[in-house]
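Asker: The chain contents come next:
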Amino acid sequence: MTRRWPVVGWMAAGAAVLALTGCANRLAFGTATKFGLDVSQRPDQTVEMTLGYDRAEVIVIPTYTTKDDERAAKDATANSDTYSVLGTFQVIHGNPFVNQALIIHQFFATGRAASVAAQKPGFQEIFGSEAGLIYKRGKEEAARQSSTEKGARQ
Amino acid sequence: MRTTGRATHHTRRPSRHSAARRSAVRAAVLVSAALLLAGCAVRMGGVEHYVGPVLFRFRPPDETVGAVTQVIRLGVSGEAGSQWGLAAGVVDRVAVVAQPADGPAPGMRPRWTTPLSFLSPPAPGAWNVSLLYLRVDGMPRPAFVVRRTYGAEMTAGAEINALSIGWMARTRAEPPDHSFSVLRFDSRRPMDTVSVTWAEDAPPDLATWISNREVTP
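Top to bottom, those sequences are chains A and B. The letter at position 12 of the first sequence is residue 12 when you use our numbering, and the numbering goes up by one with no holes. The letter at position 68 of the second sequence is residue 68 when you use our numbering, and the numbering goes up by one with no holes.
Don't take each hint at face value.
Unchecked claim - Here are the simulated distance ranges between beta carbons:
1) A/A143 x B/R141: 26 to 32 angstroms
2) A/R137 x B/L116: 49 to 55 angstroms
3) A/P121 x B/L86: 26 to 32 angstroms
As the list claims (entries may be wrong) - Residues on chain B that point at chain A, a partial pick, calculated with CB under 10 angstroms:
4) A19
5) L132
6) A156
7) N161
8) A162
9) S179
10) D186
11) R188
12) M191
13) L206
14) T208
Everything labelled a hint here was simulated from the structure, so no lab data went into it. Since this is a predicted model, take the numbers as computed values, not measurements. Ideal Cβ positions, reconstructed from N, Cα and C, are used throughout, including at glycine.
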């Protein structure tokens, strides 16, 4: 007599494998666009299951501890220091089903380079203006959503 | 009763034989197709091996940009080394190596060869086909990877942990520690991807360069 594993069994086994393999504790930036059935693990996060369409942008910044005068990666705790990172990133997701592009532009300063950049006027200006733009666009988007909601109520 | 039974037996035997033959032919066709379309990718220690049919293109590094390689595997294919898995369908992987601003490290210039092919050596920038074996030597760990899957895939490793059926597109960028890095990627032109890194003691005009070229207009 043959015994067949149901799909759920295979998915559970896959999730267990994914959970056991885990991810390296590194600074990473990722995007994902899915259409279908997916069980996956985003960097340093728990396993998640998706059925249908989903899109995600994730950045993982590891925490570090000082060990033998070197900064060694470790799991996050409530009081642990965070790795220094300054960065700007822009992701444009087109509709993949009509061959529209995925465009990524990113600039990162990591670790000691981020500390250096934070003290230099040129980089302060870059990150300041980028942050200002993001803030401005966020306010515009919030205002647009608010007016749309008001229009819908009326 | 016995006569009837025999008659029934005799009339059924040819149909069983033909059904068995059909099943055998079908199995042979499936196994042949699987063997023809089956492949394996092994990446370890700076060397990549692709066994089986793949479609690929690449851009060697120069003084300003790092290496880019795009490999499309078709059919049933396995993966081993830094990433383990099994896929059925199409797996399209683009890997971009970050280029230090002062030029590539010595001995880290990737070379793409198809040792078992009678065709001309693979040409950079153009699509190439490798039916049996593609080897990439001197390939450093990529700073940016794009994986697109059409079909079913189960994979685990440094790039991604996933079990998926359908259409999936994932990217993963790993900016190096203690450095400045820039990445520009457009999925319509993956061979034009730019990934450059500067050490923490970056040149004084880096901020101006970044401001002029990379910051949101």
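Asker: Indicate, hint by hint, whether the structure satisfies it.
Answerer: Checked hints:
no.	hint	verdict
1	A/A143 x B/R141: 26 to 32 angstroms	violated (44 angstroms)
2	A/R137 x B/L116: 49 to 55 angstroms	holds (54 angstroms)
3	A/P121 x B/L86: 26 to 32 angstroms	violated (53 angstroms)
4	A19	violated (20 angstroms)
5	L132	violated (31 angstroms)
6	A156	holds (4 angstroms)
7	N161	holds (4 angstroms)
8	A162	holds (4 angstroms)
9	S179	holds (5 angstroms)
10	D186	holds (5 angstroms)
11	R188	holds (5 angstroms)
12	M191	violated (14 angstroms)
13	L206	holds (8 angstroms)
14	T208	holds (6 angstroms)
In the structure shown, a violation is registered for the earlier hints numbered 1, 3, 4, 5 and 12, in ascending order.
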